[in-house]
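Following the hints, complete the assembly by docking chains B, C and D onto the known chain A.
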Amino acid sequence: MTYELLQPVFVISMALIAIGLYGVMSKKNILKIILSIGIMDTGVNILIVAMGYIPGGTAPIENGNYPVYMDPVPQALVLTAIVIGVSVTALALAVAMGYYRKTGTLELDDEGVMKW
Amino acid sequence: MRKIVAAIISITVFVILTYFFITSSAPINYTTGGQYINPITHEHSNQSVPQQYLKDSKKDTGASNVVTAIVVEYRGFDTLGEVTVLFTAATGIALLLDELKRRNVPHDEPNFIVKVGSIVVLPFIVVVGTYIFIHGHLTPGGGFPGGAVIASGFLLLLLVHTNRGLPERKLSVTESIAGMTYALIGLLGLVFAHEFLENYLPLGTFTYLFSAGIIPLIYIAIGFKVGSELGGILHNLKGVHEE
Amino acid sequence: MVDFFALGEQILVMAFLVTLGYAIGMFFNGFARKITARIHNRVGPPIYQGYIDVFKLFGKKTNISHGWIFDLAALFSIAGITLVFLFLPVAGFSMLSTDGDLFLILYLLAIPALGFALGAGASGNPNAAVGIMRALMTMLAYELPLVMVIVAMMVHYNTTSLAGIVAAQSNMHWAIFLPVFLIGAIVADMALQGMLMEKPFDIPIAPHEIATGPMVEFGGKHLGALMLYKMMGIVVETTLFVDLFLGGGVILSVAQYGWLAYVVNFLVWFGLITFVFFLALLINAVFPRFRIEQALKFYWKYDALVALLILIWIFVEVST
Amino acid sequence: MVSIPPVLLIAFPLFFAFLAPLINMVSKKAVKPYTLFVLLLNSLFAILLFLEVQSNSVVYEQLSGFYPPIGILLSVGYIGAILAVVINVLAMVVYISYFGDVENSVKFSMIYMLVTASSTGIVITGDLFNMFVFFEITAVGSYGLVASMRTKKAFEGAFKYIVLGSVGSSFILLGIATIYGYLKTLNFYDIAARINTMPETARLMAFIFLLIGIGVEAEIFPLNGWVPDAYEGSSNRVASFLSLGPSKAGIYAIIRLLFTLVPIMSGFTLALILGIFTLVIGELAALKQKDVKRMLAYSSIGQMGLILIAISMHSKFAFIAAVFLMVSHALAKSLLFLGTRNYDAGTLKNPWIAGPIFIGVLSIIGMPPFPGFWGKWYLMLNLAAEGLWSIILIVVFAAVVEGVYYARFLFKGTGSDARSITKSEVAAIFLLAIMLVLIGIFPQYLYTPAVKAAASLLGGGP
Chain A
255 MTYELLQPVF VISMALIAIG LYGVMSKKNI LKIILSIGIM DTGVNILIVA MGYIPGGTAP
315 IENGNYPVYM DPVPQALVLT AIVIGVSVTA LALAVAMGYY RKTGTLELDD EGVMKW
Chain B
354 MRKIVAAIIS ITVFVILTYF FITSSAPINY TTGGQYINPI THEHSNQSVP QQYLKDSKKD
414 TGASNVVTAI VVEYRGFDTL GEVTVLFTAA TGIALLLDEL KRRNVPHDEP NFIVKVGSIV
474 VLPFIVVVGT YIFIHGHLTP GGGFPGGAVI ASGFLLLLLV HTNRGLPERK LSVTESIAGM
534 TYALIGLLGL VFAHEFLENY LPLGTFTYLF SAGIIPLIYI AIGFKVGSEL GGILHNLKGV
594 HEE
Chain C
4 MVDFFALGEQ ILVMAFLVTL GYAIGMFFNG FARKITARIH NRVGPPIYQG YIDVFKLFGK
64 KTNISHGWIF DLAALFSIAG ITLVFLFLPV AGFSMLSTDG DLFLILYLLA IPALGFALGA
124 GASGNPNAAV GIMRALMTML AYELPLVMVI VAMMVHYNTT SLAGIVAAQS NMHWAIFLPV
184 FLIGAIVADM ALQGMLMEKP FDIPIAPHEI ATGPMVEFGG KHLGALMLYK MMGIVVETTL
244 FVDLFLGGGV ILSVAQYGWL AYVVNFLVWF GLITFVFFLA LLINAVFPRF RIEQALKFYW
304 KYDALVALLI LIWIFVEVST
Chain D
643 MVSIPPVLLI AFPLFFAFLA PLINMVSKKA VKPYTLFVLL LNSLFAILLF LEVQSNSVVY
703 EQLSGFYPPI GILLSVGYIG AILAVVINVL AMVVYISYFG DVENSVKFSM IYMLVTASST
763 GIVITGDLFN MFVFFEITAV GSYGLVASMR TKKAFEGAFK YIVLGSVGSS FILLGIATIY
823 GYLKTLNFYD IAARINTMPE TARLMAFIFL LIGIGVEAEI FPLNGWVPDA YEGSSNRVAS
883 FLSLGPSKAG IYAIIRLLFT LVPIMSGFTL ALILGIFTLV IGELAALKQK DVKRMLAYSS
943 IGQMGLILIA ISMHSKFAFI AAVFLMVSHA LAKSLLFLGT RNYDAGTLKN PWIAGPIFIG
1003 VLSIIGMPPF PGFWGKWYLM LNLAAEGLWS IILIVVFAAV VEGVYYARFL FKGTGSDARS
1063 ITKSEVAAIF LLAIMLVLIG IFPQYLYTPA VKAAASLLGG GP
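Protein chains in written order, with my numbering: chain A, 255 to 370; chain B, 354 to 596; chain C, 4 to 323; chain D, 643 to 1104.
Okay, chain A solo, but in the shape it has when bound (with noise of 0.2 Å):
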């Protein structure tokens, strides 16, 4: 069997994901940016737990009957990547603030963005 059911899943994450990159490449607001980080990091985090769906299973918890259980790895993973995903935003909205207090805008500048 394959993924057939979980299609529109994974058009909606990829399609989350484009959109995310989207705006980190067209956007030249601070926080724009950084909502586009966590859009493009929320689409990854559907495909992964999708991943590991079973159909008809339950939540991987025990209580005594077997059921069939989702594949719990995935969950274990999607876990750590949203609390990566916070420290990154965080740090990064740090990063504005400082970038905001130091020139007063939250707009990059062309020359700086575009410098090589």
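Note that these hints are calculated values from the structure, not bench results.
Glycine included, each C-beta is placed from N, C-alpha and C at the ideal position.
No false leads were mixed into what you were given.
Label pairs and their computed distance ranges (CB to CB):
# : chain 1 : residue 1 : chain 2 : residue 2 : range
1 : D       : I915      : B       : E396      : 39 to 45 Å
2 : D       : T843      : B       : L512      : 48 to 54 Å
3 : D       : K932      : C       : A18       : 43 to 49 Å
4 : D       : K670      : A       : K356      : 24 to 30 Å
5 : C       : A9        : D       : L686      : 44 to 50 Å
6 : D       : T1064     : C       : Y160      : 52 to 58 Å
Chains B, C and D in isolation, oriented as in the chain A frame:
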């Protein structure tokens, strides 16, 4: 121009990724695997990894929540790393915003309902958070959600007392001690058992609170750590000096 | 067990060759000035003027030094160029040669340039600064076509050793007799012109504009050392050219003719490098000077393009 | 001989980093010696680990008491051991330069320890997701270190780094999801054993996802936009640290990816093409830089390209070349970044700075007898032996370009009056220079482990 390029790239990525994942023929069960020859014992593992987790977690760890068993025991080293990521981020934020803090920024006084409500709600928040991280091995949740709930209590405090920060020093001490406890629990595994983070406590009775060996201890440490770290982050982002 | 006798013999030969190289270099200096003077319809200095200059400069007391980098730089240049000379097969006789030494030579050629740049920089003279920037740009410019041609030769002869290339050209199968490498030789000759800092690529020195450029602050022994470096440079660069395209001057095989072959080959090698240098002097005498951007354009647009065509030609030839 | 569990290399510095704030509360002065002590301890562990690898050829350790692939496996082969030593010892040496400096931040030292530990973690882990976690610690720590100067440029550079780093980590997760989806395992060697059961496209896509993610840290071409800004904005010591720790860990991850995880031929070709682009773009961009730090940063990119080319040749000699280039780059680049604080027209008048800087430059541009020379030399010989002449052309020309801008760099440092430098900085750059000279003169001590590393990797081992 920039937006058009960005749009083209992201649409391309979307099309390629969607096509790839939709046509992917990955198996939708977790029974594949099991041919791996262990480099330490040179034995075959005879089952797929997730299957083994689901089958053995009760026996191995005594936790009824398999996800917790994976997070804290089977892949506990990842979780130590995860805690460290949060710790690094919190330290980084403190490092960046140390000098940039502003004093005496005028804030709006919060209204009466928020003030009184916070006093009423705060104990419940703390209790719920504590409950979540203590029962991590039995119910969904664990150290991270529990710590985050407690940190939301800190957030409430910061919202109410607009011109005050949190006791940064105390948070920092809590954070350090909790982190050290986690690392120490792991290192003691090398002493009392054979490996880092290996369980060396009795597993207790399945589905009871005092069970699952070191898992609740680790989750308590994580709960304290995450709560104080997120609190520290909020404190630093608010930018008020400790009184 | 090290064969000390053979080792001593080798060291003696190397010392002799290095001395010879410097002697030839000094001779070339006087030679060049004489030729240029004759073209300008002057009498010019005597042909042994190079020797006189060097001995005079080394006999002088050095009054000005700009610190230890300045001193080191002169040493750096001399040591670097001598090392390169030791890696070159001279008249088919290679002193230090290994597989892949052609890369080594290309590399090592940068050391004296670095020393030169350091010394000039340490002097703190603005003219030196201008000169050294131009010298580095020129180096960058001529290196591209040169490397392309050399890689083409490596592909053609399927060896990375200069001695191998020389050996492959024995029995008068000189590379220059192949049409493609005749063009290659012209390209490399243009690069050689830049290496020797002769017109039209003498902008780094630009004698009439920036007061002899990088050398301006050097005096006494430092100037003597730098002159020696430049003189040896002429020998090294022309020898590289001869080794690449003119079979290293080898016309008799040592196995067949013994010591006679050595003598004849050395004479032929000497004649060839003199000829190559003379050619450079002629070009120097008739061409005006390029500005730095013109030089860059020349090398990267025309010279490199031709070199690229040669490279493609060789690749096609090899693959078919 | 003492047998050290590899996990101590990670767990000890983590524990001591958690302890550092308490030390700071007791005595502010104690923090720097304390950190140095921890790094010294870690270096000793790394050296012991290296010796152990030399006698056993590979060291495995399972964690949490479960056999892999159930538990996490640490696996240290030759290449991992070499890099662990390089990262830990050099991190310690670079840290020496902090002594005698007015800047005294416990947080900085903590992040420094954490990033050292996690870079080491990347090179000794045997688990894909574990590697991702260490990547994130390294990245998050590096963001903080880059921004720690708190200037506009620092924040800008750090922000670029964060953006690219986050996109990269998303792609690593995509790669992990792809591989896990097919194989339901995360252990490197379990994956390696069964990777052929995945369809060709899936393997290629997983490879590309992971390469994109790792490429950010390893400074590979389309994803290295952060490098110049971050290096320019950060302090010299941070730049020095970044070029010896995280970037080496990134290269190690690429080695793992190419040789163990997804050993497909198209992957090697792709890496080769990217390497060439990285090399050419890095060197040409370095040529036109005015700012010294930016120039060094682009030069780093160029070096990374060279290393990637050497790795993707998939042959023994090229891999030895890669090892030499990595060691040379780690030593020389950290030396150069460290020695060029306030680089201007008087720096080289001070012989205490100039000597090491000369050695560093000579090693980077590949002059004998320094490690950089051995690296380029083996690479060229290998390229010539395989008849890849067009790559030789590019590499040689890149070397010439390198020579030119380094000559300009040295030239810029001469003239005017001598400058002073703190004693600890002199000590640090001298130690680095001595190591460069020693490895250059006695290359066999690196050559032998490198040969074994190459043999082990080409055989599919760690």
